[in-house]
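Protein sequences appear in the order of chains G and F.
Add 583 to the 1-based position in the first sequence for the working numbering, that's all there is to it.
Add 583 to the 1-based position in the second sequence for the working numbering, that's all there is to it.
Just so you know, these hints were derived from the structure itself, not from any lab.
Hints are not guaranteed to be accurate.
Because identical chains cannot be distinguished in the list, a pair is counted as satisfied if it fits within a single copy or across any two copies.
Unchecked claim - Dumping the calculated EDC-like pairs for lysine to aspartate or glutamate here, alpha-carbon to alpha-carbon at most 16 Å:
#	residue 1	residue 2
1	K663	E778
2	K602	D591
3	K672	D631
4	K710	E615
5	K824	D698
6	K824	E705
7	K709	E722
8	K710	E723
9	K702	E828
10	K663	E774
11	K710	D698
12	K602	D616
13	K714	E769
14	K845	E635
15	K672	D698
16	K663	D780
17	K714	D692
18	K702	E676
19	K824	E722
20	K671	E615
21	K779	E604
22	K585	D712
Quick caveat: nothing in here was measured; it's all calculated off a predicted structure.
Listed below are the residues making up each chain.
2 protein chains.
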Amino acid sequence: MKVQGVIDRILLDCCGGRKLEQTCDVFASGNEDMEVTGIVTTFMATVDVIREAIAIGANLIITHEPTYYTGMDTLDWLQKDPVYLAKKKLIEEHGIAIWRFHDHMHLADTDRIYDGLLKELEWEDKKLDGKDSWGYQIEETTVGALAGFLKQRLGMEVIQIVGNPEAACARIGILVGGGSLGLGREQMPMELMQEKDLDVMICGDITEWTLCAYVNDASMLGMNKAMIVIGHERSEEWGMKYMAEWLKPLVGGLPVTFVDAKEPFIYL
Amino acid sequence: MKVQGVIDRILLDCCGGRKLEQTCDVFASGNEDMEVTGIVTTFMATVDVIREAIAIGANLIITHEPTYYTGMDTLDWLQKDPVYLAKKKLIEEHGIAIWRFHDHMHLADTDRIYDGLLKELEWEDKKLDGKDSWGYQIEETTVGALAGFLKQRLGMEVIQIVGNPEAACARIGILVGGGSLGLGREQMPMELMQEKDLDVMICGDITEWTLCAYVNDASMLGMNKAMIVIGHERSEEWGMKYMAEWLKPLVGGLPVTFVDAKEPFIYL
Chain G
584 MKVQGVIDRI LLDCCGGRKL EQTCDVFASG NEDMEVTGIV TTFMATVDVI REAIAIGANL
644 IITHEPTYYT GMDTLDWLQK DPVYLAKKKL IEEHGIAIWR FHDHMHLADT DRIYDGLLKE
704 LEWEDKKLDG KDSWGYQIEE TTVGALAGFL KQRLGMEVIQ IVGNPEAACA RIGILVGGGS
764 LGLGREQMPM ELMQEKDLDV MICGDITEWT LCAYVNDASM LGMNKAMIVI GHERSEEWGM
824 KYMAEWLKPL VGGLPVTFVD AKEPFIYL
Chain F
584 MKVQGVIDRI LLDCCGGRKL EQTCDVFASG NEDMEVTGIV TTFMATVDVI REAIAIGANL
644 IITHEPTYYT GMDTLDWLQK DPVYLAKKKL IEEHGIAIWR FHDHMHLADT DRIYDGLLKE
704 LEWEDKKLDG KDSWGYQIEE TTVGALAGFL KQRLGMEVIQ IVGNPEAACA RIGILVGGGS
764 LGLGREQMPM ELMQEKDLDV MICGDITEWT LCAYVNDASM LGMNKAMIVI GHERSEEWGM
824 KYMAEWLKPL VGGLPVTFVD AKEPFIYL
């Protein structure tokens, strides 16, 4: 099967074949005519992920996030950069295609990045309403205990929180990846927290002066609000793990392997 | 002295009286005609900082960052928000003026937010070149030891790094606050790292797919690059601490007190 065949089946399964005109779901290397030897799904095609793909003989990496350090993988500024040049050499010497699967994945009937995270948490039946992936009702616990649960399920050693770890919580929001930055509206995470009466927001990427400051003030005022920061990679990796499961039956026997890009941080 | 008198002396000292036409350096509460009883400088006018100002009888808080959770402190979306309403009540009941001092502070002859951080680190004489606050040459150490030094100097319990803690480093970049997001150009931190041949970048707010991913790849490729994330507040608070020192002699005996807004995160 060629790369284009794999992509067509993915987009058909995810979005009924619907294709966005403007999208970041493009090639960072390779092209649609290559014959696929094996597929790797991952949050990000890091150097270690590429090496793992090479080791298992897969020549198509499907990555959720950029390969070259900016949202649209622009290359003009990188032409003399040694990190870019060494990574590009590794990719090209081994004939690896890298295709980004981001916009269409979030666009699926239910957002498949959330689907993967919910499987990992076993929260599939905890949605506050229908298809909305942002709000959940769980059995009452504390913020600290919830952070402990997330650390265990998502394989994290340390987790950042804002607010009181002893506070009770049951109504939980999740904004994965860059979604916790507000999707173009800084106030979105705070509005969501109020609209859905959420006790805790689980976040990917954050900035300190928005939800972080809001929850901090709320907590100082004795209101029951907290924030748990799991980061961009730890919140979205599971969608790409789950993708290896649903992609396998679609590609006629081609090997499909999830490779964990792993949390980039060490906590000292 | 009135609030306007205080502001005029600050802007004269910092920028020779130069005033930006478009700026976020405006009032979040109160106005220029209020008689000042005392001044608090802080990174952010959190609820606890406001309470501390009230306790010591200061009615002018000079804050570096927003009071109400978005970059420009817009209020339309907050009119029914209980966190906003409770904070506003606290501020108004005690007649507190809150003035933001951000743009003009970074605009000073040497950026006074950096000046404060450098005092705290005792790195004033370590600049790679002249007035540029972004690059430093220190005695060779390791990334882990540098993180330990920052934790001790900046009062942090845990610090996030990307890269190898054992790697040697001597050429250090600093991008405080939101500056590590690139000041409108995502690629800026990576370009800076290459241009100045930096081993480590010390960052405020970050997103995972830019410098974090770049340093992670570089480290996997065996290149000597690392990132230390100290956060927005911990990187900029010291400028506001230092401000209490330089402001005191300018305001004719008015009490000036630095109040630490404190790191918002708990590490579990």
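Do the hints match the structure? See the list:
For the identical chains of this complex, K663 and E778 are inter-copy neighbours only, at 11 Å across copies versus 48 Å inside a copy, given an alpha-carbon limit of 16 Å. With identical chains, the CA atoms of K602 and D591 are at most 16 Å apart within one copy only, with a shortest distance of 10 Å there and 57 Å across copies. When the C-alpha separation of K672 and D631 is checked against a cutoff of 16 Å, the pair qualifies only within one copy, where the shortest distance is 14 Å, while the shortest distance between copies is 53 Å. In this assembly of identical chains, K710 and E615 lie within 16 Å of each other by CA distance neither inside one copy nor across copies; the values are 38 Å within and 49 Å between.
For the homomeric pair K824 and D698, the shortest alpha-carbon distance inside one copy (10 Å) is at most 16 Å, but the shortest distance between copies (46 Å) is not. Only within a single protomer do K824 and E705 lie at most 16 Å apart by alpha-carbon distance; the minimum there is 14 Å, versus 46 Å between protomers. In this homomeric assembly, K709 and E722 come within 16 Å of each other (Cα to Cα) only inside a single copy, at 9 Å, whereas the closest approach across copies is 54 Å. Taking the shortest alpha-carbon separations for K710 and E723, only the intra-copy value of 15 Å comes in at or below 16 Å, while the best inter-copy value is 52 Å.
For a Cα distance limit of 16 Å, the shortest separation of K702 from E828 inside one copy, 12 Å, qualifies, whereas the shortest one across copies, 54 Å, does not. For the identical chains of this complex, K663 and E774 are inter-copy neighbours only, at 10 Å across copies versus 44 Å inside a copy, given an alpha-carbon limit of 16 Å. Proximity of K710 and D698 under a CA criterion of 16 Å is satisfied intra-copy only: 11 Å inside one chain copy versus 49 Å between copies. Taking CA atoms no more than 16 Å apart as the test, K602 paired with D616 passes in neither setting, with 19 Å inside one copy and 58 Å between copies.
For the homomeric pair K714 and E769, neither the shortest alpha-carbon distance inside one copy (23 Å) nor that between copies (33 Å) is at most 16 Å. In this assembly of identical chains, the alpha carbons of K845 and E635 lie at most 16 Å apart only when taken from the same copy (13 Å versus 42 Å across copies). Taking the shortest Cα distances, K672 and D698 never come within 16 Å of each other, neither inside one copy (35 Å) nor across copies (42 Å). In this assembly of identical chains, the alpha carbons of K663 and D780 lie at most 16 Å apart only when taken from different copies (13 Å versus 50 Å within one copy).
Taking identical chains as interchangeable, the C-alpha atoms of K714 and D692 lie at most 16 Å apart only when both belong to the same chain, with a minimum of 8 Å there against 54 Å between chains. Taking the closest pair of Cα atoms, K702 and E676 never come within 16 Å of each other, the shortest separation being 37 Å inside a single copy and 49 Å across copies. Neither within a single protomer nor between protomers do K824 and E722 lie at most 16 Å apart by alpha-carbon distance, with minima of 26 Å and 44 Å respectively. Taking CA atoms no more than 16 Å apart as the test, K671 paired with E615 passes in neither setting, with 18 Å inside one copy and 57 Å between copies.
Taking the shortest Cα distances, K779 and E604 never come within 16 Å of each other, neither inside one copy (33 Å) nor across copies (39 Å). Taking CA atoms no more than 16 Å apart as the test, K585 paired with D712 passes in neither setting, with 40 Å inside one copy and 53 Å between copies.
When each numbered hint is compared with the structure, violations occur for hints 4, 12, 13, 15, 18, 19, 20, 21 and 22.
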